[in-house]
Every structure is written in C-alpha cells, then in structure tokens.
Amino acid sequence: MFEFILFFILGGVAVVSGLLVVVQKRPVNSALFLIVVFLCMAGLYLLLQAELVAMVQLAVYAGAVMVLFLFVVILLNTGSAAQVWMTRSATLKFAGIAAACVIMPCIGLAISAGITPQAAGSAEAQAGGMKALAALLFTRYLLPFEITSVLLLAAIVGVVYLSQREKERRP
Amino acid sequence: MIPLSYYLMLGAVIFGIGVAGVLIRRSALVVFMSIELMLNAVNLTFVALSCNMGSLQGQVWVLFIMTVAAAEIAVGLALIVLICRNRGTTNIDEINLLKG
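In the order they appear, the protein sequences are chains A and B. In terms of my numbering, the first sequence opens at residue 1 and continues consecutively. In terms of my numbering, the second sequence opens at residue 1 and continues consecutively.
Pulled out of the complex, with its shape left as it was, chain A reads as follows (with noise of 0.2 Å):
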C-alpha cells in the first residue's frame, strides 16, 4: 500500500516535471525541472530495490551531469525574449504531441500486455544487491567496464581539445 503511494508520487511528480522540463522558456528552468525529475527516478529505482543504480544516478546525473548543465546553460544565456522558444512547422508539433500523448502510452500498454507475470528471481540475487552487481560487473561484463573507461578518456580529450580558443587551439 506505502508502496503505490510512493510509486504515484515519485512517477507523478517525474511526469510533470519532464512536463516543465519541455514547456518552460528558458532553459534555466527546464534545468531545475530536470534535476527533479532525476531525483524522482532516484527514488523509483530505490523502489525496483536498485540500490547502486539509485545511488549513482544521484551522484552521475543529479550531481555532476547537471552541474555542467547548469554552468554551460547559464554561460550561454541569451535571455528568455531573443530565444524562439518553440518551432514553427505545425508537422513537428503535431509530430511531437502526438508521439508524447498517443504513440508512447500505447507501446506501453503493448508491452505490459505482452508480459505475462513471471516468478521472482532468486532471491540471492536481490539480498546481494551490490555485492553481486560487483560480481557480475567484474567478471562478464569486465570487457564493456574496461572500453567504458577508454571511452571516457577519449571524450575528456576530446572536450579539451575543444574547449580551446582559436589563436591557441594546435591543429
């Protein structure tokens, strides 16, 4: 029972939110938006018993992710008036509302309709939590962790390349 409250609570405030996220003019306030929707999937993850997952979204996206949002978004501010805020072309936003209201709730209802209620999985599995994650994270899937890591030195690279200015940037 707690736990419905929770889960109408957390995904109701989630929606509006990305609701808020997509309508407001300036994009300082659809950022502030965002960080609350973050926070909201934080604690649905805590529900789904995701405790890392919830952990790390709060620490990677909430924390650092819109920090850098906030300071690029806040250095290139144009001011609300100068910014057409949304698009002309009708297509689009028809596009765009129905994908939002029509297209998506009905995908989910087509895959919730096609998954028949399984038994729960082992419970170790769950009680482990993050030692297993560990575990799992480090042995098969040690491969993807490793090209993550490349991956991540490459983009730092790559931002400081481009964040140079032109009479110093080297070719």
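Hints are computed from structural coordinates only; laboratory data are not their basis. Treat the hints with care, since some could be wrong.
Listed next, the stretches of chain B that the computed footprint assigns to chain A, with coverage defined by at least 3 CB atoms under 8 Å from CB atoms of chain A [unchecked claim]:
| # | stretch |
| --- | --- |
| 1 | 46-52 |
| 2 | 72-84 |
Cross-link-like lysine-lysine pairs, in silico, DSBU-like; alpha carbons within 30 Å at most [what the hints assert, rightly or not]:
| # | chain 1 | residue 1 | chain 2 | residue 2 |
| --- | --- | --- | --- | --- |
| 3 | B | Lys99 | A | Lys167 |
| 4 | B | Lys99 | A | Lys93 |
| 5 | B | Lys99 | A | Lys25 |
| 6 | A | Lys25 | A | Lys93 |
Reference listing, derived: stretches of chain A covered by chain B, where coverage requires no fewer than 3 residues with Cβ under 8 Å from a Cβ of chain B [claimed, not checked]:
| # | stretch |
| --- | --- |
| 7 | 22-30 |
| 8 | 41-53 |
| 9 | 61-70 |
| 10 | 107-113 |
Just so you know, even glycine gets a beta-carbon here, dropped at the ideal spot from N, CA and C.
Starting from the known structure of chain A, arrange chain B on it as the hints suggest.
Just chain B, lined up with the frame of chain A:
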C-alpha cells in the same frame, strides 16, 4: 508489489515527453535535456525489467548507459558552447549550414 506494467507505462510516458521535447523545442540546450529524459526513461525500463526477472544484468547495463550518457553530454555541451561562440545563437533553426 507494484506490477511491472506500471513501471513500463511510466517509462513510456517519460520517453514520449522527451521525444516531444526534441521535436518541438528550438533551443539546443533544451533538446539536450529532452535527450536526457529519454535516456532516463530507458534506464527505468531496464531496472524495472531487471527487478522483475530477478537478474542483475539490467542494472549493469544501466550503469553503462549512465557512463556513456555522461560522456556524451560533456562532448555535446562543449560543441554547443563552440557553436554558440561562433554563431551567437543556440536556435537550431539557424544552425543549418549543412541543410540540403
């Protein structure tokens, strides 16, 4: 216990909101934020299915998705800063040099 279909519907709705944001908004930064909404919806779907099936593979993949998304945001924001520095606007209607 909350049924799996509730989580899948919530993920689908948030994904749809992200798609609407990408299609409708003209500011490059808000388009980026909508892409993050879509990625989060996919993460929620992964974690919900992993909890339902009792396997931890979904959560491992969520960790990878989060890492790749963080790298993508860093590079993408650097590119947006460069474009705004050169063209003076983040309106994606005006950044159309490659348009046929």
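Subject >> Hints that the structure is at odds with (numbers, increasing) >> reply: Those not satisfied: there are none.
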